[in-house]
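Q: Next come the chains, spelled out residue by residue.
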Amino acid sequence: MFDYTFQWKQAMAKLPQMLDGAVVTMEVAVLSMVIGILLAVVLTLLRLSGSRPLAAIATTWVEIARNTPALFQIYMAHFGVASFGIHFSPFVSLLIGITFNNAGYLAENFRGALKAIPETQTRAGRSLGMSQLQAFRYIILPQMLRIAFLPMTNQMVWAILMTSLGVTVGMNTDLYGVTQDLNALTFRTFELFAIAAVIFYVITKIITLGARLLAARLFRY
Amino acid sequence: MIEIQNVRKSFGQMEVLKGIDLTVAKGEVLTVIGGSGSGKSTLLTCINGLEPIDSGKILVDGTEVHAKSTNLNKLRQKIGIVFQQWNAFPHLTVLENVTLAPRKVLGMSKGEAEAIAEKQLRHVGLGDKLKTFPTRLSGGQQQRMAIARALAMSPDYMLFDEVTSALDPQLVGEVLETLKMLAEEGMTMICVTHEMAFARDVSNRVAYFHKGVMAEIGAPDQIFGAPQEEVTRQFLASVR
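Protein chains in written order, with the numbering used here: chain A, 1 to 221; chain V, 1001 to 1240.
Keep in mind the hints are simulated off the structure, nothing from the lab.
Treat the hints with care, since some could be wrong.
What the hints assert, rightly or not - With the Cβ distance kept under 10 Å, some of the chain V side facing chain A (calculated, not the full set):
1. A1067
2. R1076
3. I1079
4. Q1085
5. P1102
6. K1129
7. G1139
8. A1146
9. L1159
Even for Gly, the Cβ is constructed at its ideal location relative to N, Cα and C.
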């Protein structure tokens, strides 16, 4: 059982390639968060719109995103849509899948945050002559983002980790994809994936700490 | 001029305004007194269109508030309202609370809006709190900030909805002083209040509301000295 000889040196030689992969992982995660937050705001507005069909679209999105495997969402964004003749690169499919997931979870977080803001805040804004949208933009949204900040950080960590699912749609430029390819070439399975895990860990730790510093700067009250 | 003509309003089965007729002239200070559930607060929120009405008409300077064609956002620029719960915007400093609407609604530059906001905040005695966040202020200070916030829009009318009811007793005085100051400056005001001494002091007229009806209206001396209606007498006896 224990006749396996660790060959860290050989694995460590691949570190530069893996770090390049980590950069791609970060790109996917950051893009998926930025677009995901914007979409989640839109979904939140649709749910508040008072229009049943619009609210139903938003609710369906949230329900699928939260109650099906992320793997399914990414798979559908690649092989699912391919059935209709739509072909995305693995990068784009992975981005779409994670963004879809982010938007759904974040929209639900935003809804919870909105419940914590008294309705009288909107009323106060409206009575100063603001439109409904202005009251949302300048009074509700900033407070909502503050309350939802911690869940947003969690989702960002999730987005990083979800990039590992990209291998199922042929993604081989991100950290997990690169590691998998290197493994196929060298068979240093334990070493390579252990290094990848450490890189994932360091990235997510930096994000959590960075978020804490950002929160201290952003939220002055 | 604010003209209220036979206004009726119900919340479900409950009719809270049963045909109110009332005119408030420019420069007048009207206080509205009455028990809870008498409809007095509802009337205020109907005047600036926050609440719809079932029938009748409310005209502000000739504009029908509840007409479909009325631009409420525009109309509300000249009707300031301050609520029992002051509704400070917690994510903004005192100064930013006051500059927000002038900047976003009136399209003022930051500098212009800040000049006006500083003037109004000094006016209500908060000149030294500009950079403070509302959570650091007392209730009375937050309420005065809310008054400055409404005044920064240069409204022609101010509506005050029981603005001292949620305050600790020792903070009521400072807010009433602010209202009194505005009244003396000639602001047209409708104040819904439970502060009888204040009503007697500052009003041109006092209206007594009872179960959705304006039971009596008149000069403060008349209402407090020689009320004509039995319900008014009973109410005043109960609050004394």
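Q: Take the shortest C-beta to C-beta distance between V:R1076 and chain A; is it under 10 Å?
A: Since chain A brings a Cβ to about 4 Å from V:R1076, closer than 10 Å, the hint holds.
Q: Once the shortest beta carbon distance from V:P1102 to chain A is found, is it less than 10 Å?
A: At about 9 Å, which falls below the 10 Å cut-off, the nearest Cβ of chain A leaves the hint on V:P1102 intact, so it holds.
Q: So, V:G1139 near chain A? Judge it on the closest CB pair being under 10 Å.
A: Not OK, violated: V:G1139 not within 10 Å of chain A, min 15 Å.
Q: Are V:A1146 and chain A close enough, Cβ to Cβ, to be under 10 Å, as the hint says?
A: holds (8 Å)
Q: Was the hint right that V:L1159 lines chain A, CB cutoff 10 Å?
A: This interface hint holds because 9 Å falls under the 10 Å limit.
Q: Does V:I1079 hold up as a contact with chain A if the rule is Cβ-Cβ below 10 Å?
A: holds (8 Å)
Q: Any CB of chain A closer than 10 Å to the CB of V:A1067?
A: violated (17 Å)
Q: Holds or violated: the hint that V:Q1085 contacts chain A, with Cβ atoms closer than 10 Å.
A: Interface hint status for V:Q1085: holds (6 Å vs cutoff 10 Å).
Q: With chain A as the partner, please determine if V:K1129 meets the hint condition of a C-beta pair closer than 10 Å.
A: violated (14 Å)
Violated hints, in rising order: 1, 6 and 7; the structure is consistent with all others.
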